[in-house]
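**Q** Sequences are here, hints too, so could you generate the full structure?
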Amino acid sequence: MSGNIEDKNFPIGVFDSGVGGLTVLRELNKALPHEHLIYFGDLGRSPYGTKSPATVRRYVRQITRHLLSRKVKLIVIACNTASAAAGDDVKALAAPVPVMEVVGHSARAAIEAVLPQGDEPVRIGVLATATTVASDLYKDRLLELSDHHLSAPPLIMQKACPLFVPLAEEGLWEGPITDLAAEMYLAKMREFDPHAVILGCTHYPLLRKAIEKALPPGTVLGNGAESLALAARDLLSEQGLLAESELPGRLEFIVSDSEDTFRRQAERFLDMPVDIVHHIDLDACEGREE
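Going left to right, the sequence shown walks through residues 21 to 310 as our numbering numbers them.
By construction, these hints were calculated from the structure, which means they are not laboratory data.
Honestly, I wouldn't trust all of these hints.
The calculated label-pair distances, taken between Cβ atoms and stated as ranges, are [what the hints assert, rightly or not]: (1) Pro-268 to Leu-135: 31 to 41 Å; (2) Leu-250 to Asp-303: 33 to 43 Å; (3) Pro-53 to Asp-139: 16 to 26 Å.
In silico BS3-like pairs for lysine-lysine, Cα to Cα no more than 30 Å straight-line [said to hold, decoys possible]: (4) Lys-111 to Lys-159; (5) Lys-71 to Lys-159; (6) Lys-229 to Lys-159; (7) Lys-111 to Lys-91; (8) Lys-179 to Lys-233; (9) Lys-111 to Lys-71; (10) Lys-111 to Lys-179; (11) Lys-50 to Lys-111; (12) Lys-91 to Lys-50; (13) Lys-233 to Lys-208; (14) Lys-208 to Lys-159; (15) Lys-229 to Lys-179; (16) Lys-91 to Lys-28; (17) Lys-208 to Lys-229; (18) Lys-71 to Lys-179; (19) Lys-71 to Lys-229; (20) Lys-50 to Lys-233; (21) Lys-159 to Lys-179; (22) Lys-50 to Lys-208; (23) Lys-28 to Lys-50; (24) Lys-208 to Lys-179; (25) Lys-71 to Lys-91; (26) Lys-208 to Lys-111; (27) Lys-159 to Lys-28; (28) Lys-233 to Lys-159.
No residue lacks a Cβ here, since even glycine has one placed at the ideal position from N, Cα and C.
**A** Take a look at the structure:
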């Protein structure tokens with residue numbers, strides 16, 4: 021992409037299976053307050069973590085094509101399951117529009133959080149959806165980063181937490197039900213006694229309090245949203261694509277279902293009014309992709 025005035029004013033597209041990507045959107049809005057941000061939440065087909073990789077790829081390709089039709093200058097995959105199943109698809113479809121993912125930033129944040137540990141093996145936990153865990157996306161990235169930052173490969177325990185996304189989508193971010201789910205999923209992780217735990221799904225930071233209570237005291241919880249947002253700002257600056265306006269940027273929300281539910285959750289998390297949430301049925305718009 022060129023850095024002409026038209027490109028600079030193009031929006032940034034962010035997508036997730038539901039409300040979890042708001043954790044990324046919030047950091048992007050902090051780092052890039054003058055940018056027009058389009059957020060697509062696929063609530064009608066959430067959660068992605070229980071779907072087959074082929075199904076997730078179909079969903080993600082549809083969302084990517086829609087964002088490209090809006091002439092975005094950057095796409096942010098704010099869903100780790102989407103990255104695991106279809107990250108390469110998004111990059112291929114979007115080129116030359118740059119694509120950024122949370123995974124690498126979360127892995128790097130975890131590695132940096134546990135430095136230094138002396139001769140003791142570093143123990144890192146990964147909490148994610150079943151699809152992300154099965155892909156070993158985080159494990160591979162952690163081992164790759166450890167070659168440059170650690171004296172020995174870290175010990176890694178991964179755990180799928182399938183109820184966490186529905187709890188987050190229902191707004192049950194804390195309370196007895198969420199505490200019970202966290203205790204059930206994290207019993208073995210607690211025994212593992214990790215130095216750091218990666219919240220490997222963008223929904224999981226919404227359940228942070230329950231997760232912290234279920235882990236050993238002092239465990240570092242990491243997600244890469246802030247790091248990704250700063251990297252996005254650097255990328256746009258390097259390419260001459262930062263918005264030139266000094267006015268506050270616009271936040272635009274699109275969902276595939278449950279507009280009222282999304283509006284309530286977005287207002288609660290972002291602590292701001294969300295006046296308009298657009299609804300789009302991507303299957304109906306472009307025909308069901310085989």
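**Q** It remains to establish, for every hint, whether it holds in the given structure.
**A** Comparing the hints with the structure gives:
Distance hint for Pro-268 and Leu-135: a CB-CB separation of about 37 Å, consistent with the stated range 31 to 41 Å. Between Leu-250 and Asp-303, the C-beta spacing of about 36 Å keeps the proposed range 33 to 43 Å intact. Separation of Pro-53 from Asp-139 is about 44 Å and departs from the stated range, judged on CB atoms against 16 to 26 Å. Distance restraint check for Lys-111 and Lys-159: the Cα-Cα separation of roughly 21 Å lies within the 30 Å cut-off, and the hinted pair is therefore satisfied.
Of the supplied pair hints, the one linking Lys-71 and Lys-159 holds, its CA atoms being roughly 21 Å apart against a limit of 30 Å. At most 30 Å may separate the alpha-carbon atoms for a hinted pair to count; Lys-229 and Lys-159 meet this at roughly 25 Å. For the proposed pair Lys-111 and Lys-91, the alpha carbon gap of about 15 Å is at most 30 Å, so the pair holds. With a C-alpha separation of about 17 Å, the suggested pairing of Lys-179 with Lys-233 holds against the 30 Å cut-off.
Using a Cα cut-off of 30 Å, the hinted pair Lys-111 and Lys-71 holds, with the two alpha carbons roughly 21 Å apart. Between Lys-111 and Lys-179 the alpha-carbon distance is near 27 Å, which keeps this suggested pair within the 30 Å criterion. For the suggested pair Lys-50 and Lys-111, the alpha carbons sit about 25 Å apart, so the restraint of at most 30 Å is met. At roughly 22 Å between alpha-carbon atoms, Lys-91 and Lys-50 fall within 30 Å of each other, so this suggested pair holds.
Taking the CA atoms of Lys-233 and Lys-208, the gap is about 14 Å. The hint holds against a cut of 30 Å. Distance restraint check for Lys-208 and Lys-159: the Cα-Cα separation of roughly 18 Å lies within the 30 Å cut-off, and the hinted pair is therefore satisfied. Annotation: proposed proximity of Lys-229 to Lys-179 holds, straight-line Cα distance about 18 Å (limit 30 Å). The suggested pairing of Lys-91 with Lys-28 holds, with an alpha-carbon distance near 11 Å, which does not exceed 30 Å.
Pair hint Lys-208 plus Lys-229 holds up; C-alpha atoms about 18 Å apart against a cutoff of 30 Å. Under the criterion of a C-alpha separation no larger than 30 Å, the hint pairing Lys-71 with Lys-179 is consistent with the structure, at around 17 Å. Taking the CA atoms of Lys-71 and Lys-229, the gap is near 27 Å; set against the 30 Å cutoff, the hint holds. For the suggested pair Lys-50 and Lys-233, the alpha carbons sit about 28 Å apart, so the restraint of at most 30 Å is met.
Note on Lys-159 and Lys-179: the hinted pairing holds, with a Cα-Cα distance of about 12 Å set against a maximum of 30 Å. Simply put, Lys-50 and Lys-208 have alpha-carbon atoms about 36 Å apart, too far for the 30 Å limit, and the pair is violated. Only pairs whose Cα atoms come within 30 Å are accepted, and Lys-28 paired with Lys-50 is accepted, the gap being roughly 18 Å. Under the criterion of a C-alpha separation no larger than 30 Å, the hint pairing Lys-208 with Lys-179 is consistent with the structure, at around 9 Å.
Using a Cα cut-off of 30 Å, the hinted pair Lys-71 and Lys-91 holds, with the two alpha carbons roughly 29 Å apart. Taken as a hint, the Lys-208 and Lys-111 pair is broken in the structure, with Cα atoms around 36 Å apart against an allowance of 30 Å. A hinted pair counts as satisfied when its Cα atoms are at most 30 Å apart, and Lys-159 with Lys-28 does not qualify at roughly 36 Å. A distance of roughly 24 Å separates the Cα atoms of Lys-233 and Lys-159; the hinted pair therefore holds under the 30 Å criterion.
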